[in-house]
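> One letter stands for each residue in the lines below.
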Amino acid sequence: MAGMRAFAAAIPLSMLFAISPATAQTPPTESIQIGLSTDAISITAGFSGADLTIFGSLENPDPLVARQGRYDVVVVLEGPPRPVVVRRKDRVLGVWINLDSETFENVPVSYSVATTRPLQDIAEPAKYKQLSLGAQNLYLKPADETDSPATIEEFTAALRERKAATGLYSENVGGVQFLSQNLFRATVRLAPNVPVGTHKARAFLFKSGMFVKESSAQLEIRKSGFEQSVFRVAHDYSFLYGVFAISLAMLTGWLGRIIFRKD
Amino acid sequence: MGIYLPIAEISVNVFVLLAMGAAVGFLSGMFGVGGGFLITPLLIFYNIPPAIAVATGANQVIASSFSGALSHFKRGTLDFKLGGVLLAGGIVGSTAGIYVFALLRRLGQLDLFISLLYVVLLGTVGGLMLVESVNALRASRSGAAPVLKKSGQHNWIHRLPFKMRFRASKLFVSVIPVLGLGAGIGFLSSIMGVGGGFIMVPALIYLLKVPTNVVIGTSLFQIIFTSAYTTLVHATTNQTVDVILAFLLMAGGVAGAQYGAKAGQRLRGEQLRALLAMLVLAVAIRLAVDLFVTPPNLYSLSAAGLN
Chain A
1 MAGMRAFAAA IPLSMLFAIS PATAQTPPTE SIQIGLSTDA ISITAGFSGA
51 DLTIFGSLEN PDPLVARQGR YDVVVVLEGP PRPVVVRRKD RVLGVWINLD
101 SETFENVPVS YSVATTRPLQ DIAEPAKYKQ LSLGAQNLYL KPADETDSPA
151 TIEEFTAALR ERKAATGLYS ENVGGVQFLS QNLFRATVRL APNVPVGTHK
201 ARAFLFKSGM FVKESSAQLE IRKSGFEQSV FRVAHDYSFL YGVFAISLAM
251 LTGWLGRIIF RKD
Chain B
264 MGIYLPIAEI SVNVFVLLAM GAAVGFLSGM FGVGGGFLIT PLLIFYNIPP
314 AIAVATGANQ VIASSFSGAL SHFKRGTLDF KLGGVLLAGG IVGSTAGIYV
364 FALLRRLGQL DLFISLLYVV LLGTVGGLML VESVNALRAS RSGAAPVLKK
414 SGQHNWIHRL PFKMRFRASK LFVSVIPVLG LGAGIGFLSS IMGVGGGFIM
464 VPALIYLLKV PTNVVIGTSL FQIIFTSAYT TLVHATTNQT VDVILAFLLM
514 AGGVAGAQYG AKAGQRLRGE QLRALLAMLV LAVAIRLAVD LFVTPPNLYS
564 LSAAGLN
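These protein sequences, in sequence, are chains A and B. In this text, residue positions in the first sequence follow the working numbering: the first is 1, and each later residue adds one. In this text, residue positions in the second sequence follow the working numbering: the first is 264, and each later residue adds one.
Since the hints were made in silico from the structure, they are not lab data. Among these hints, one or two may not hold up.
[Stated by the list, open to error] Chain A is nowhere near these chain B residues, computed Cβ spacing over 12 angstroms in every case:
hint : residue
1    : 282
2    : 318
3    : 344
4    : 348
5    : 394
6    : 472
7    : 494
8    : 510
9    : 544
[As the list claims (entries may be wrong)] With the Cβ distance kept under 8 angstroms, some of the chain B side facing chain A (calculated, not the full set):
hint : residue
10   : 269
11   : 521
12   : 555
13   : 558
[What the hints assert, rightly or not] Computed, partial: chain B to chain A, Cβ under 7 angstroms:
hint : residue
14   : 264
15   : 276
16   : 491
17   : 501
Just so you know, these numbers come straight off a predicted model, no measurement behind them. Just so you know, even glycine gets a beta-carbon here, dropped at the ideal spot from N, CA and C.
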């Protein structure tokens with residue numbers, strides 16, 4: 001206990017020395033940095049989801065605020081944006097048919113959040129809307145903004161719900177932990193069906209409920225191995241791939257007849 | 264043992280797929296059909312996206328029909344000329360089908376349309392076959408000789424122009440119904456992922472009066488090419504053919520087919536047809552139920568801009 005106190009006391013002292021000449025009156029503002037150990041991740045065929053750990057640090061934290069635990073960090077790993085159509089089934093003559101739909105532009109394919117505390121305890125809901133932060137607050141732009149607000153709201157909610165149900169949008173409360181006054185570790189979930197492409201890791205720093213600073217880094221997620229080669233060939237050389245699929249079928253049919261012949 | 268399907272982008276159990284292929288192969292060998300009409304719905308029940316189930320089903324049909332056509336070729340029960348004309352129609356129908364497929368996919372109505380087509384076609388074919396085979400079974404039980412339609416009998420189809428002679432089938436018939444039949448089957452092949460044997464075989468027998476012994480070989484011959492064409496077009500336009508999935512199904516399928524063919528020889532024709540009819544109806548009913556039961560999720564997501 002005594003050691004701890006000594007340690008805590010040592011930091012402000014050293015900082016005071018470092019900054020006192022230039023900015024004695026206005027304390028420097030806090031900022032946040034995150035670092036990824038790699039800028040690309042390869043996931044293999046058997047990938048069944050994983051936790052991705054992101055380390056980050058606070059720069060120039062106010063030790064008093066830090067000790068009272070009034071710094072909060074929200075880390076987001078956002079997948080590449082894609083246009084999405086949300087469709088609703090309705091009953092027509094007893095049969096369930098896709099009737100109404102709403103297209104949204106630039107919807108992140110995946111969205112994993114890790115926070116120090118539940119989002120509602122960190123800041124006001126309006127703040128998240130303004131920052132477009134959190135799966136429930138993320139701004140989803142409808143392609144046709146002339147649709148009635150009620151319809152847009154309904155389909156937006158359905159989109160969030162479907163994304164959460166498939167594990168692509170997730171929230172890990174307590175997933176950000178402070179290891180020291182400066183250093184934190186964030187654990188975001190990668191869903192088994194995490195999309196390939198350029199993902200963006202963003203860290204948001206809050207101080208007593210107020211947004212202070214944001215920092216971001218990019219992460220490339222790609223699939224590796226045999227299955228990925230098949231996928232790439234199917235898309236890049238689709239004609240040859242088709243010819244191969246047909247030849248394989250004929251060969252299998254012919255071999256099957258030779259091996260298992262019963263007549 | 265799990266395996267990741269590169270195109271379907273899901274993990275599946277290898278043994279489930281091999282068993283599925285073997286079971287369908289057994290039935291297809293037994294009844295002399297390609298089995299596409301069973302594989303595609305089974306894949307959909309197994310949560311493979313319908314677009315991929317259809318394209319991969321077409322690919323799998325090539326293997327079973329190629330294997331079957333080979334043995335008919337060796338026995339000389341294959342009419343290349345008739346098959347060729349059916350095929351010419353098939354390519355046209357298949358091209359139209361692929362276009363409709365892409366359009367429906369864009370409109371978000373593909374899954375519904377596939378299910379509806381299955382329910383209507385399987386329901387009709389299964390129902391007709393069941394009635395016919397039950398009548399035949401009843402007739403044979405009461406001792407009466409089965410009434411066969413004479414091949415010399417003519418109907419309206421035989422009065423159409425542009426006649427052509429098909430020597431192997433002992434047939435002199437207009438090319439219009441042959442091309443039309445080929446086109447219809449090609450259309451279904453690309454939308455439903457089936458070879459179309461379950462429609463082609465009765466149509467050739469009852470409409471065109473082709474002798475039964477050449478029907479299956481000729482139907483299989485044309486199905487190889489129609490489904491090969493369908494596979495190729497799906498692979499290039501929609502990228503929905505999953506070779507890994509197709510290969511597992513084929514491997515199980517070709518093995519099962521040979522045993523099925525042997526088992527089929529022990530059953531009588533009417534019994535075989537009654538069993539097939541019930542199977543076809545069961546698939547139709549299962550798909551129909553899904554159309555009417557309230558889905559667990561009313562909302563679905565799909566990528567926009569699939570042009």
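> So, for every hint listed, does it hold in this structure?
Going through the hints against the structure:
1. The beta carbon of residue 282 (chain B) sits about 16 angstroms from the closest Cβ of chain A, which is more than 12 angstroms, so the claim that it is off the interface holds.
2. The claim that residue 318 (chain B) lies off the interface is violated: its Cβ sits roughly 9 angstroms from the closest Cβ of chain A, which falls inside the 12 angstroms cut-off.
3. Every Cβ of chain A is farther than 12 angstroms from the Cβ of residue 344 (chain B); the closest lies at roughly 22 angstroms, confirming the non-interface assignment.
4. Distance check on residue 348 (chain B): its Cβ is at least 22 angstroms (rounded) from any Cβ of chain A, clearing the 12 angstroms threshold; non-interface status holds.
5. Residue placement check: residue 394 (chain B) keeps its beta carbon more than 12 angstroms from all beta carbons of chain A (closest about 26 angstroms).
6. Under the 12 angstroms C-beta cut-off, the non-interface status given to residue 472 (chain B) relative to chain A holds; the minimum distance is some 28 angstroms.
7. The Cβ of residue 494 (chain B) does not lie farther than 12 angstroms from every Cβ of chain A; its closest approach is about 6 angstroms, which violates its non-interface assignment.
8. Listed as outside the interface, residue 510 (chain B) is inconsistent with that label: its C-beta sits roughly 6 angstroms from the nearest C-beta of chain A, within the 12 angstroms cut-off.
9. Separation of residue 544 (chain B) from chain A is adequate, the least Cβ-Cβ distance of about 19 angstroms exceeding the 12 angstroms criterion.
10. Interface hint at residue 269 (chain B): satisfied, since its Cβ lies 4 angstroms from the closest Cβ of chain A, which is below the 8 angstroms cut-off.
11. Of the supplied interface hints, the one on residue 521 (chain B) holds, with its beta-carbon coming within about 4 angstroms of a beta-carbon of chain A, less than 8 angstroms.
12. The restraint placing residue 555 (chain B) at the interface with chain A holds, with a minimum CB-CB distance near 5 angstroms, inside the 8 angstroms limit.
13. The restraint placing residue 558 (chain B) at the interface with chain A holds, with a minimum CB-CB distance near 6 angstroms, inside the 8 angstroms limit.
14. The criterion of a C-beta within 7 angstroms of any C-beta in chain A is not met by residue 264 (chain B), whose closest approach is roughly 11 angstroms, and the hint is violated.
15. With a cut of 7 angstroms, the hint placing residue 276 (chain B) at the interface with chain A is violated, because the nearest CB-to-CB distance is about 13 angstroms.
16. Proximity of residue 491 (chain B) to chain A holds as hinted, the smallest CB-CB distance being about 5 angstroms (cut-off 7 angstroms).
17. A cut of 7 angstroms between beta carbons decides the hint on residue 501 (chain B): the least distance to chain A is about 9 angstroms, and the hint is violated.
When held up to the earlier numbered hints, the structure conflicts with 2, 7, 8, 14, 15 and 17 and fits the remainder.
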